[in-house]
Each structure stands twice: as structure tokens, then as C-alpha cells.
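As they're listed, the protein sequences go chains A and B.
Numbering (my numbering) for the first sequence: 1 to 304.
Numbering (my numbering) for the second sequence: 1 to 297.
Every clue listed holds true.
Stretches of chain A that chain B covers, calculated by requiring three or more beta carbons in the stretch to come under 8 Å of a beta carbon on chain B:
id, region
1, 19-30
2, 140-154
3, 259-266
4, 273-279
In case anyone wonders, no lab produced these hints; they're calculated from the structure.
Only a predicted model underlies this, so the values are computations on that prediction, with no experimental measurement involved.
Ideal placement from N, C-alpha and C gives every residue a C-beta, glycine not left out.
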Amino acid sequence: MGNIKKAGRIIKRDWDLYLLLLPGVIWYLMFAYKPMVGLRTAFYDYNIFRGFAGSTFVGFDHFKDFITGPDFYRTVKNTLMIAFWQIVICFPAPIVLAIAITEMKNKFVSKMTQTATFLPYFISIVVVCGMVVNFLSPSTGIINMILVKLGMEPKYFMVMPQYFRGIYTTMTLWQTTGFNAIVYIAALVGIDQELYEAATVDGAGKWKKIRHITFPGIIPTIVTMFILNIGKIVKVGYEAILLLYKPSTYPTADVIATYAYRVGIENGNYGLATAVGLFEAMVALVLVVAANKLSKRVTENALW
Amino acid sequence: MKRASSGLVVSRGEKFFNGAMIVIGIIITLLALYPIYYAVIASLSKPLYVENGSVMFTIKGFTLESYRKAFQKEGLWMAFGNTMFYTLFGVFINMLFSTTMAYALSKKRLVMRKFFTLFTVFTMWFNAGIIPLYMTFKDFNLLDTRTAIIFGFAINTYNMIILKSFFEQVPVSLEEAAFIDGASNIQIFAKVYLPLSKPALATVGMFYAVNRWNSYFWAMNLLNDDRKIPLQVLLKKLIVDRVANETEAAIITAQSLSSPTTVIYAIMILAMIPMLIAYPFIQKYFKTGLTLGAVKG
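Sequences and hints are given; from them, build the entire structure.
And the structure:
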């Protein structure tokens, strides 16, 4: 009884604290949880004009249609392949850059490198994709100009499926490496400098120090960043892919998210599109949990 | 970042290493900046030189004609104004919703605090996706409205959590003293906490502003009316969709002062300029915010 009384008193004193909480809660209910209720669209043959009342319940039919359909293999393969290159190239790059920047004894060069690599992140994805498309244009793009000067044939890269993943990976590398390096630089600066001095006295060379002091020092940060980002990586940057891909590059560029987007927003098949999106969200969730479990076992670092 | 080998003589190997790092730093810097630099020089050169590949490192045949043409693009100024509106008013709404909620969640005495925190954090791990959110806007009759853009994206959970952990670090004694003076929670929030949190507010405000300025995806899907679209959506139409029809082979002579391509480069530079002006501030505040976010998770 005493507890309830006390809680009552606190609430009475703090009524305006709950008032402060209210707008946020309402917002989450409207724009984060209402859409989750909308996920039931995935189980209906949903018609936007008739609403749920006029739509038939179809159970897992949309999921079955997607998984057995002709687009499943292609979109899943492309999602995994693009995620694979993100993990292999774009995830380690900031770590290497951060180590390089902290190893630069010349303060000016170190600062300059950091400032220059940080910048591309703040250019909008539309402009970045615009640059990519224009640089690679077969008639006026600088890349093809260089190829022609080297005596090669100009290529229309944006319509050739074999180049798409390379283009996308390079673009992401350029745009995000400097930004993602910041967290690692902060972690590197936090490493105890005495360790390096002791290692120098013991006669350890540069590489030995990087391998045995620098690297172990930032492993927890690496693991945290990996787990935090694996879900994002699997969802891949559909906003950029939507700007870059064309029907002719679908064989390598069309990922689950862009497929769901086309099916839903462009073709109006909301049921199937929601099912596809839900499938993707589940895969991402499973991967985050799996990455956390794995890192717990391998490195004893985990988020939860 | 100083790592002086205290008192030890710098060895030849070390000297070589330091020299190599300078070269590597310069190469990385050039690689990062070249695409932007190229867009600048191409936008200021005569199209003939751009399109025959002689513009590579310097401006050839300086002209501002491409910028003149860019300024005349239909809807450019309106879209620019819209973006200003969405950014300024949008960030205000972002901060209003995020700071109030973060403040309430930062108080340990809040009943069901754990529940409400999980209520927000859960959406970082699982969200419904594009189609259900689109349908939500439709259900609320918000399609093709500015309200959708401003209020539909009022809170970014990550930013809200950064604010929450910042508020948690403020000493409780300040709050208790204000309570004794008879201040209400809202007064304490507005008069004690907000002034104390200026660096965190600047950081998160900057996060929101950059996002508002640069985003295109939801504006593209939610807005049909050309008078409402922000700059990024117009840019998408002008620079990305244009190249989709590569057929428009303009005839370019030595006399031409601009071409579709050079105008596009000019438009891209114009779109980048506000961001470049703000970059020193962005750099300052983003770094603190990023490290704050990483430590707190």
C-alpha cells in the first residue's frame, strides 16, 4: 500500500513530466507502431480502395508467392552479394583509414586527410548518384574520356550488369569511409600511450605495435560497430540503388528492398510488397542477433 | 594524436615511415576531393572542352553561362525555398519532440521508464518498412502535404537517445535545488537543462538539419505537387532521371557556352554550396556527437 501511495505522490508532483513525455509517445504510436499494425497487409489480398474489410485474408500466400516466384533467387542473391562487398570492403576501410590518420606524425596532413574524407558523407545521395551517373556517361563522362585516351572503347557502364556492384561499392566507399572512421579515431586516441612507449623500449617495430597494441585496443569498438551495422548492411542502401539501377542492370542490382518498392509503390500490390518487406526485416533481425551471439563466443564482446 | 617517441632518436625506418604516411595522406585527400573538384571545374568550363575530355585538372574556357542556365531552371528557386522551410521548421519540430521525450526518459523516477525506453529503442531494431509507413500516411490523409514531411519524421530514435544520455549526465543537485525553489518540471527543463545542454542540442540539431537538407526518398513518394517538392527531389529529376534518356545528344561547337552536362554540374555545385559553407560547423559538432553516440550505444 505504501508503495502505491508513494507512486501516487510522485506522479502528482511529476504530472508535467508526463506531459513532456506525451508528444513523443503519440508520435511513436502514430508513425512507428501504427505501421507495424499495418504489417497485417502482408496476410491480405489488400485493395487500397476497399480497405481491410473488403480484402480477403490469404494467410501466408504472399510469402509463398515471393519465395517460390522468379524474383526470389535474384533479389536475395543480389542483397547478399551487395552486403558481402559492403562487409569485405566498406566495413574494414574506416578502420584502416583511422589507423593511418592516427599514425600520421605530420599534424597538418593528418588533419587534412580527416577533413577531406569526412566531407563526402554530407553530400546528398542524389548529388552523389548524379555525379556517378555523369562521370560514367558514355558520351560525356570523364571515366570514358580517360578510357578513350588510353585507346579503349567507351562503355555505357550504367546499363552493364557486371559493373553495378563495383560501382555501388566504390561509391559507398567514397561517401562513408571518412565518416565511419571518426568513431575508430576516438577509440584509437583513447589507447594508453605508455603501451607504445614500453613496446618501443622492448624494440617492437611499427607493424608489431599496430598488430599487438593498436588493433586489440579497438576490437571492442569494431565489434560494436559491426553488430550495430549488420542490420543496416543487409537492408542495403535501397535509396541509392533506386537512383542508380535500370531494368538492364536488375540482374545484379535489384535487391529485396527495391523489389518491394516497385511491387508496392509503383505497381500498387501492397500485400505482396509488405510481405517482401517483412521477410527482409526478419532476416535483418536474425542476422543482428546472430552477429551478437557469434561475437560473444569469439571475442567476449557483445551488445547485450 | 601526438605520439612522440620521447627522448628516443628517430630511426631511419621511422623517418621513412613518416614520409610514406605523408604521401599516403595526400593521395587519400586527393581521391576524396577530386570528384567534387572535377564537378566544379566542369561547371565553369566551356562544354566542348568538358565533353572532349580536355578538362581534367584545370578550368578550360572559363564561363559562368552554365550557372546562368542553372538559375533559370524551372522550379529551382521554389524547391530551394521548400528545402529551407522543411529544414528550418522541420528541425524545430525535431528538437521539440526529441528533447521533451528525451528529458522525460532521462528521469529515473519516471514510472515505467524501462518500458518507455524499450518502446522507443525497439523501433531501431525492427521497423515496419516502406509500404506500411506509406499506407500510414495515406490513412492519416497526409499524402501530398507538407505536414507529412515535417511531423512524420519528427523523431529519430538514435538522436533522441543521444539527448537522453546527455540529460542523464547533468548533476541531480541542480534539479533538486530548483524543486526547492518551487519550479515545475517544465520550468526546470526549459530554464535549467536546455541552457546547460547547448553543445548536445547543437550536435543533434546538426544531425537533424543535415538529414532534412539531404533526404529525398519520402519527399519523392509523399509529394506529388511540384510546388511542394524540396530541392533534392527536383535534383533527382534534373540530374539522375535526365541521364536515363541519353538520346539528347546536343550539338556542341567551340562557341557553345553551356550544354546539358555542364548545366547539370552547375546545379550539383549549387546544391552542395550551403552544405560546404556549413561544413566547418558540421565537422565540429558531428565529431562530438558521433563519439558520444558510440560510447553510449
